[in-house]
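Protein chains in written order, with our numbering: chain V, 1 to 422; chain H, 1 to 422.
Calculated directly from the structure, the hints in this document are not laboratory data. Hints may contain errors.
Claimed, not checked - No farther apart than 30 Å at their CA atoms in a straight line, the calculated lysine-lysine pairs in the DSSO-like style are these: (1) H:K365 to V:K268; (2) H:K3 to V:K335; (3) V:K366 to H:K255.
Stated by the list, open to error - From the structure, some residues in chain H lie toward chain V, with a derived Cβ separation under 8 Å: (4) Y264; (5) V266; (6) G355; (7) M356; (8) R360.
Don't be surprised by glycine CBs; every beta carbon is placed ideally from N, CA and C.
Number of protein chains: 2
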Amino acid sequence: MSKLVPPHGGKGLVCMLLEGDALAKEKEKAKGLKQVKISPRVKGDLIMIGTGGFSPLNGFMTKADWKGVLDKFLLSDGTFWPVPVTLDCTAAEEAAIKIGDEIALFDGKEIMATMKVTEKYAMTEADKIYECEKTFMGEGTPTAEDFWKIAKADHPGVQMVMAQGPFNLAGPVKVLSEAEYPTKYAGVYLRPAESRKVFDERGWGEVAALQLRNPMHRSHEYLCKIAVEVCDGVFIHSLVGNLKPGDIPAEVRVKCIDALVQNYFVPKHVVQGGYPLDMRYAGPREALLHATFRQNYGCSRMIIGRDHAGVGDFYGMFEAQDIFNKIPCPTGEGKALLCTPLKIDWTFYCFKCDGMASLRTCPHKKEDRVLLSGTMLRKLLSEGGTLPDHFGRDEVVEILRKYYEGVTDKVEVKLHGAATGK
Amino acid sequence: MSKLVPPHGGKGLVCMLLEGDALAKEKEKAKGLKQVKISPRVKGDLIMIGTGGFSPLNGFMTKADWKGVLDKFLLSDGTFWPVPVTLDCTAAEEAAIKIGDEIALFDGKEIMATMKVTEKYAMTEADKIYECEKTFMGEGTPTAEDFWKIAKADHPGVQMVMAQGPFNLAGPVKVLSEAEYPTKYAGVYLRPAESRKVFDERGWGEVAALQLRNPMHRSHEYLCKIAVEVCDGVFIHSLVGNLKPGDIPAEVRVKCIDALVQNYFVPKHVVQGGYPLDMRYAGPREALLHATFRQNYGCSRMIIGRDHAGVGDFYGMFEAQDIFNKIPCPTGEGKALLCTPLKIDWTFYCFKCDGMASLRTCPHKKEDRVLLSGTMLRKLLSEGGTLPDHFGRDEVVEILRKYYEGVTDKVEVKLHGAATGK
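The following block holds chain V by itself, in its conformation from the complex (with noise of 0.2 Å):
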């Protein structure tokens, strides 16, 4: 008997990934099918709806899904859902596809799933830019002229929302491929039921995850470090989705996740795991998000720490702690959200507390502590300099230092909002 939490919408793990002969028929089916060529962060929703990790959905939201979720963070059937999970397409793709047609959506390599159309409905501008104030805007640009003052160009979440085509299709997929994400990062990605098993084979109970797109220094270990002391177990849960220039890729993340786990974690209370979903950067509703798809990969406590999801000055530090306390709290079986926050304030090493610490818990001064933006770090990083004494762990700073050797001249350091998140 498993004590995780169930998954979210009360209906187990929908899982729309086919696999066996119905995954060769569909495949073979999918051939013939209308084409819509989908963006890589669809086609990361499109992976987590295909194992399971955005249940209860199981295919792209209608209108009213689409509307219910930004004004009252409900799907239509009255189950919590934080952000839309729409699919967009050109004006050309919409008037080829009548409504009730299977249609084959294809990222650019090949058909990742089916989808049977039930509802087709037009994204005008103002839609557009009704999502983007809904879904992105924040205490840190309280109105919508601020926020459109800087929206446009600092905000990639908002920049993928405007750049959608003029039509959102709808309906229930086939998934047919996890992409590259099984292979590249074997042993990591995990789907839900995979997590679960390995959780519930430990025995473990609560379990939290740790929301993580960034290398993983001292902050983040500690943040991991509290949960282990108060839950069965951590979940640290790398994205693995596409990423902009100038972040680190996945692969240098997830070593440094190895060398930090090896070296400072006691193994049986740590899991790592990846999972395939682009950064929306909606600060408090992707808290919310992670939290959800958290639930469905078995963990009942979702890590929030400071400005989590953010990027640039979009949100207030905590707002993405808060959101939890103001989210509706529907009835009826599996509509609410169980996976709870673990709210942990800004996290740092003290030279006085002779230790890691936070806001909570460390009356020193700011002298006293070492603080470093992530944008100073990778200015250190990729000019071989001197990181800070305690700041990171010297198995990981070699790892960062290897990567940025290699590239230096590759990449751009500065970065677009990454520096501000977790």
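Model the placement of chain H on the given structure of chain V, informed by the hints.
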């Protein structure tokens, strides 16, 4: 609206302490009543009943309560309770008292309370042995034979029970005094209503309690700081009741806590308090008692480390954590214990971790860790030796050193059991 956990028992805080006119009247009446001489343990229990710390108890237990608590962890009305809270007396006292009598409970200095006697029952040697085996036998002495080989000589809790008179008296009490506590520990001694008020004023909901009966070193600080990271605040709650020779007096311990809180804590996340009980050294059962009365003080979490409330080798290292999984959870309003354990493994400073850690978070070797038994610590301090780096905070060690410089000649350094506890 308070966000705190309600008091245990579903009846609010049951406070049997009289005040104002009622107190003056009862004091006058008490002078004319037959007296029963009470033990220090009973005195502490009485003050807890007075302040609501032992809610829902309104007096000393009947035989049925005593038996229910020992056999099933339940009072006769089905409410959870972990240890006997009984009033013993001599054969002569018993003979002079009739059911229905009001009596005065005298501690040797003052009349602490009056009690309406509703039941008298014999405590034979067999009964006391039964109470001891149920209350104090743990994994360290799994058979009665093992237990009794050492219990009478080495277990202060057993000694207390076996030294009791041959009868118990039951009935509701009216408490007339809190003895020296409110003046001697002004600002530290808090009633449950007072700690709740402080917590409410800070807007706290989830409060963790740290039980403390030894000077506070970095291990205890670390337990508190984990609690501060994951709860609204921590209540550092020291035993200021009577001590055995060789223990550090409460005043000194309180001073150490002050120094620690002032220099190493963020004040708004910590409250210090003292409570008037004697240790029973009942290990697992006492951990449950600690959680039960902390619920009354407003705490929803009770920090349980290694060998909580232990003495010698009577209990397994984590038996006091495990018992929380084994106790009954009665249904009905207020019947079940609502203060849940915050279980934390053995903690220490580790050089390789470069900070505090526990056996759950540190994968390194014994020689990488700063470990020091309580006995060794006292030896070093009393002999003017140097403590290993990172074990304690300088400000605290300084206070202890001064205390030992003054008292080394006066107190025995080898302690009665306190070496292993918290």
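Numbered hints the structure breaks, given as an ascending list
Of the numbered hints, all hold.
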